[in-house]
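> With the hints as constraints, model all of the structure from the sequences given.
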Amino acid sequence: MSVAVAVASDRWSVPGDLAQEGQGRSRPRPGPRPSGDALAPSPLFRGNILVVEDNPALRETLADILIGNGYRVDTAEDGLAALDHLARSSFDVVILDLAMPRLDGIGMLERLEPPHPAVVICSAFEYYTPAHVEDTAGSKVFRWLQKPVPPEQLIAVVAEAVQAGPGPRGA
Numbered sequence: 001m002s003v004a005v006a007v008a009s010d011r012w013s014v015p016g017d018l019a020q021e022g023q024g025r026s027r028p029r030p031g032p033r034p035s036g037d038a039l040a041p042s043p044l045f046r047g048n049i050l051v052v053e054d055n056p057a058l059r060e061t062l063a064d065i066l067i068g069n070g071y072r073v074d075t076a077e078d079g080l081a082a083l084d085h086l087a088r089s090s091f092d093v094v095i096l097d098l099a100m101p102r103l104d105g106i107g108m109l110e111r112l113e114p115p116h117p118a119v120v121i122c123s124a125f126e127y128y129t130p131a132h133v134e135d136t137a138g139s140k141v142f143r144w145l146q147k148p149v150p151p152e153q154l155i156a157v158v159a160e161a162v163q164a165g166p167g168p169r170g171a
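The numbering used here puts the first residue of the sequence shown at 1, with every later residue one more than the last.
Hints were generated in silico from the structure; no laboratory data involved. Since this is a predicted model, take the numbers as computed values, not measurements. Wrong hints could be hidden among the right ones.
Said to hold, decoys possible - Capping the alpha-carbon separation at 20 Å, the derived lysine to any residue pairs in SDA-like fashion look like this:
#	residue 1	residue 2
1	LYS147	PRO56
2	LYS147	HIS132
3	LYS147	GLU134
4	LYS147	ALA131
5	LYS147	GLU126
6	LYS147	TYR128
7	LYS147	ALA124
8	LYS147	ALA57
9	LYS147	ASP104
10	LYS147	PRO101
11	LYS147	GLU160
Stated by the list, open to error - Pairwise CB distance ranges, derived in the manner of DEER restraints:
#	residue 1	residue 2	range
12	ARG102	GLY165	26 to 32 Å
13	ALA156	ARG102	26 to 32 Å
14	PRO56	GLU126	18 to 24 Å
15	ALA131	ALA87	27 to 33 Å
16	PRO130	ARG88	27 to 33 Å
Think of the CB as a built atom: it goes at the ideal place given N, C-alpha and C, for glycine as much as any other residue.
If you want it as structure tokens, here you go:
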């Protein structure tokens, strides 16, 4: 099965059958997986990832891609839920949207204390620009990804972030 991800306004849209139940849960779980050599499931555990995204379908799609590539994934629907996950569990990488309800990505970054996981921003940058985030909390960001991000690029950047270790840009 191929995953089609397209921009619809400031959100990604995905096929409806990819949206699974539950928000803010730890998984791997059975379900549809993207196809293709770059997305083939890995028998090796590669790291713990927290996906912070308010769009449920996109959150599940990102989780499915990462799970299919050997990562253990937790999800959160906003910055407050993400901070709760970070207080209870250890993660190698946080994939963070910026525009979210309750606590946005910038607010979450401002509250993030070292040592912290590598943070990969994954955003459409319609409301926030990289310069704005750099001014407020950019030193905590490992890498920037512009939505829509190809699955292969997501996997490559997450692998780099896990290898680099905690903190900004592997610092």
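> Each of the hints needs a verdict: does it hold here or not?
Against the structure, the hints come out as follows:
1. Proximity of LYS147 to PRO56 is assessed by CA-CA distance (about 15 Å); at most 20 Å being required, the pair is judged to hold.
2. A distance of roughly 17 Å separates the Cα atoms of LYS147 and HIS132; the hinted pair therefore holds under the 20 Å criterion.
3. Proposed proximity of LYS147 and GLU134 is supported: the alpha carbons are some 18 Å apart, at most 20 Å.
4. For a cut-off of 20 Å, the pair hint linking LYS147 to ALA131 stands: about 17 Å separates their Cα positions.
5. Taking the CA atoms of LYS147 and GLU126, the gap is about 10 Å. The hint holds against a cut of 20 Å.
6. Taken as a hint, the LYS147 and TYR128 pair is honoured in the structure, with Cα atoms around 13 Å apart against an allowance of 20 Å.
7. Annotation: proposed proximity of LYS147 to ALA124 holds, straight-line Cα distance about 5 Å (limit 20 Å).
8. Proximity of LYS147 to ALA57 is assessed by CA-CA distance (about 14 Å); at most 20 Å being required, the pair is judged to hold.
9. Proposed proximity of LYS147 and ASP104 is supported: the alpha carbons are some 17 Å apart, at most 20 Å.
10. Pair hint LYS147 plus PRO101 holds up; C-alpha atoms about 18 Å apart against a cutoff of 20 Å.
11. Between LYS147 and GLU160 the alpha-carbon distance is near 19 Å, which keeps this suggested pair within the 20 Å criterion.
12. Hint check: ARG102 to GLY165, Cβ distance near 29 Å, so the stated range 26 to 32 Å holds.
13. The given range of 26 to 32 Å is respected by ALA156 and ARG102, whose C-beta atoms sit roughly 31 Å from each other.
14. A hinted range of 18 to 24 Å for the beta carbons of PRO56 and GLU126 is consistent with their spacing of about 19 Å.
15. For ALA131 paired with ALA87, a C-beta distance near 30 Å keeps the hint of 27 to 33 Å intact.
16. For the pair PRO130 and ARG88, the supplied restraint of 27 to 33 Å holds, since their beta-carbon distance comes to about 30 Å.
When held up to the earlier numbered hints, the structure conflicts with none and fits them all.
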